[in-house]
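Given next are the chains, with one letter for each unit.
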Amino acid sequence: MSESRPIRLLLVEDNPGDVDLTREALEAGPRRFEISIAADGPAALARLEGEPPYARDKLPDLILLDLNLPKMNGQRVLARIRQTEALRQIPVVILTSSAAHQDVISSYAFGASCYVTKPIGLDAFRSAVRAVETFWFSVARLP
Amino acid sequence: MEEHSTATSPGRAHVAANEASRLSSLAMQQIGSPIFIFDEKHRVAVASRPAARLLGYDYGDLIGCTVDSVLTESALKHYLAYVDAFFARPEIRPVELDGKLSLRHKDGSEIKANVRLASLPGLPAAMLMEFHDEQKFLPPESLRDALAAIVGDSDDAILSKTLDGTILTWNPGAERLFGYSPDEIIGQSVYSLVPEQCSVDEAGILARVRNNERVRHFETRRRCKDGTELEVSVTLSPIRNGAGQVVAASSIVRDITEARRRDAELRRSNAELEQFAYVASHDLQEPLRMVANYTELLAERYRGRLDDKADLYIKYASGGARRMQKLVSDLLTYSRNASQDRAPDRVSTRALVAEVLQSMQSTMENAGASVQYGELPDVLGDEGQLWHVFQNLIDNAIKFRSEAAPRIVIAAVSSGSHVTFSVTDNGIGLDMKHADQLFQMFRRLHDRDKYEGSGIGLALVRRIVERHGGTVWVESAPGAGATFSFTLPAVPDGLR
Numbered sequence: 004m005s006e007s008r009p010i011r012l013l014l015v016e017d018n019p020g021d022v023d024l025t026r027e028a029l030e031a032g033p034r035r036f037e038i039s040i041a042a043d044g045p046a047a048l049a050r051l052e053g054e055p056p057y058a059r060d061k062l063p064d065l066i067l068l069d070l071n072l073p074k075m076n077g078q079r080v081l082a083r084i085r086q087t088e089a090l091r092q093i094p095v096v097i098l099t100s101s102a103a104h105q106d107v108i109s110s111y112a113f114g115a116s117c118y119v120t121k122p123i124g125l126d127a128f129r130s131a132v133r134a135v136e137t138f139w140f141s142v143a144r145l146p
Numbered sequence: 481m482e483e484h485s486t487a488t489s490p491g492r493a494h495v496a497a498n499e500a501s502r503l504s505s506l507a508m509q510q511i512g513s514p515i516f517i518f519d520e521k522h523r524v525a526v527a528s529r530p531a532a533r534l535l536g537y538d539y540g541d542l543i544g545c546t547v548d549s550v551l552t553e554s555a556l557k558h559y560l561a562y563v564d565a566f567f568a569r570p571e572i573r574p575v576e577l578d579g580k581l582s583l584r585h586k587d588g589s590e591i592k593a594n595v596r597l598a599s600l601p602g603l604p605a606a607m608l609m610e611f612h613d614e615q616k617f618l619p620p621e622s623l624r625d626a627l628a629a630i631v632g633d634s635d636d637a638i639l640s641k642t643l644d645g646t647i648l649t650w651n652p653g654a655e656r657l658f659g660y661s662p663d664e665i666i667g668q669s670v671y672s673l674v675p676e677q678c679s680v681d682e683a684g685i686l687a688r689v690r691n692n693e694r695v696r697h698f699e700t701r702r703r704c705k706d707g708t709e710l711e712v713s714v715t716l717s718p719i720r721n722g723a724g725q726v727v728a729a730s731s732i733v734r735d736i737t738e739a740r741r742r743d744a745e746l747r748r749s750n751a752e753l754e755q756f757a758y759v760a761s762h763d764l765q766e767p768l769r770m771v772a773n774y775t776e777l778l779a780e781r782y783r784g785r786l787d788d789k790a791d792l793y794i795k796y797a798s799g800g801a802r803r804m805q806k807l808v809s810d811l812l813t814y815s816r817n818a819s820q821d822r823a824p825d826r827v828s829t830r831a832l833v834a835e836v837l838q839s840m841q842s843t844m845e846n847a848g849a850s851v852q853y854g855e856l857p858d859v860l861g862d863e864g865q866l867w868h869v870f871q872n873l874i875d876n877a878i879k880f881r882s883e884a885a886p887r888i889v890i891a892a893v894s895s896g897s898h899v900t901f902s903v904t905d906n907g908i909g910l911d912m913k914h915a916d917q918l919f920q921m922f923r924r925l926h927d928r929d930k931y932e933g934s935g936i937g938l939a940l941v942r943r944i945v946e947r948h949g950g951t952v953w954v955e956s957a958p959g960a961g962a963t964f965s966f967t968l969p970a971v972p973d974g975l976r
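Each protein sequence line maps, in turn, to chains A and B. Numbers 4 to 146, taken from the numbering used here, label the letters of the first sequence in order. Numbers 481 to 976, taken from the numbering used here, label the letters of the second sequence in order.
Isolated chain A, as found in the complex (with noise of 0.2 Å):
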């Protein structure tokens, strides 16, 4: 896993107890990550449009996104992200509390790459922020 730079990702939490745990997941497993972080709607999209400070090239790899979020919820970041051309392509997974069956067919609807429902229960959290991992750097090809 000696790669040339580190799998970019942009978190999109607003519940800091969840950034803790969604970055130690990750920096537990055997690859690098260079993880921002967004803390709600707006921040994300000027973060992936470019905005000043914010550099244009460094587009993430992997967006996770969060669907309850302040200012603007996840929903609608995923539509801005689906109709923007330089960020069509990047995969979006969806990780919530939410399970609701409205929540799950409209993120698809907008484009969601995948849709997780955040496990109640330590491990079971782990467990699938890494399956998340897994699947998207190893299993999956990324563009």
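Mixed in with the good hints there might be a few duds.
Below, a list of computed lysine to aspartate or glutamate pairs in the DMTMM-like style, where the Cα atoms sit at most 20 Å apart [as the list claims (entries may be wrong)]:
#, chain 1, residue 1, chain 2, residue 2
1, B, K806, A, E54
2, B, K806, B, D763
3, A, K61, A, E37
4, B, K521, B, D548
5, B, K705, B, E655
6, A, K74, B, E766
7, B, K795, A, E37
8, A, K74, A, E54
9, A, K74, B, E776
10, B, K795, B, E776
11, B, K586, B, E553
12, B, K806, B, D875
Keep in mind that the hints were calculated from the coordinates and are not lab data.
For this one, chain A is given, so just place chain B on it according to the hints.
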């Protein structure tokens, strides 16, 4: 010879008389009205069956009863006085005891009756007593009065009309409902009560009545004198003349506005409740997950680094979070199953049970449980929902186990339109006096510390079974295990 013949002929006569007496006694029993024959000691010698029924006796018990047990005390005095007078000049004649006597029912109550007495030729000491139960045999004019009173007192509007809709009669119920007095409305057209948009309906049902048809509980609208409109249920019947021709229609109109409103309100409040349970269980997930995950993280990182009490408090918090997690997820399952209505499908319960057991493998292994089931028939239902029924009942059977390893038997009996399933265990059982609480939400019969659970499982089972048109019940005794049974619709013959 003379002696011989005098010795034999009374004998023959005696036989004939006995036979006649037996026949008349049998015939008497079959008479349709209450009749007694009293002997010279005022005992019931013969009676008709209706006489026994009227007084509440078994037929055999009535025979031999003395007159004082079938008459009230005051009636007895009248009776004896009249009987004495009667026997002073016995002949067949009706004797009116003021027309009335009070009979005593076996239960002690009093029955007023009209009485006719007659002597019986050749049996000077016996007399026949015939009753007409006043309450049961109303004369026709009283019957008409009684019917008129019933119509008058009815809360429903009862009216009659000609076949072209001219109102003929109008009861007080109709006056209360529509606000028109009989003077105002009789002779008017029934269409003055019918809103324009319903007049086609009215013409249709009148046409059916003209064809000698009865129209029951037709739901439509009616307009009152003050212009308000009511939702009503109307029953129309043809009125026929002596020749059997339909000449008019009777109409019973019941105001169902309030019932409809309550119905709609109930449906709305049920839907809201289901929506509430659904939303609550979703919105509870997030804070719950936080509490659960971080108490767990706290335990993981800081166990042994704080004092013993801190470790204990963390344990309590984790336990609470775990129970709440189960509660919320069960509540979610409950509300989801309560609000979904799919068309029933053919379900193989044998395959379903196998699948449920597969999913419960580790629970079963931990408890050392074994489950036996043979051929289980297919049913009609929603497979996803029925999964919860079997899962909860098996889970329950394992959870409420005794010292012995759980032995669970699942069986089914088909009987025509439905199949009765049973899940029998050898667990701790329950006192049947609590059986009806068992299926209520959040009811727990057993200690929470010893038996984990949300108190939703059996409520969910009942909900699902009832949505399938079935019933669920339990048979048990403390220490003797329990059998939960439920019915589900069988696959109809045509689909088998």
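Hint by hint, where does the structure go against what was stated? Just the numbers, ascending.
1, 7 and 9
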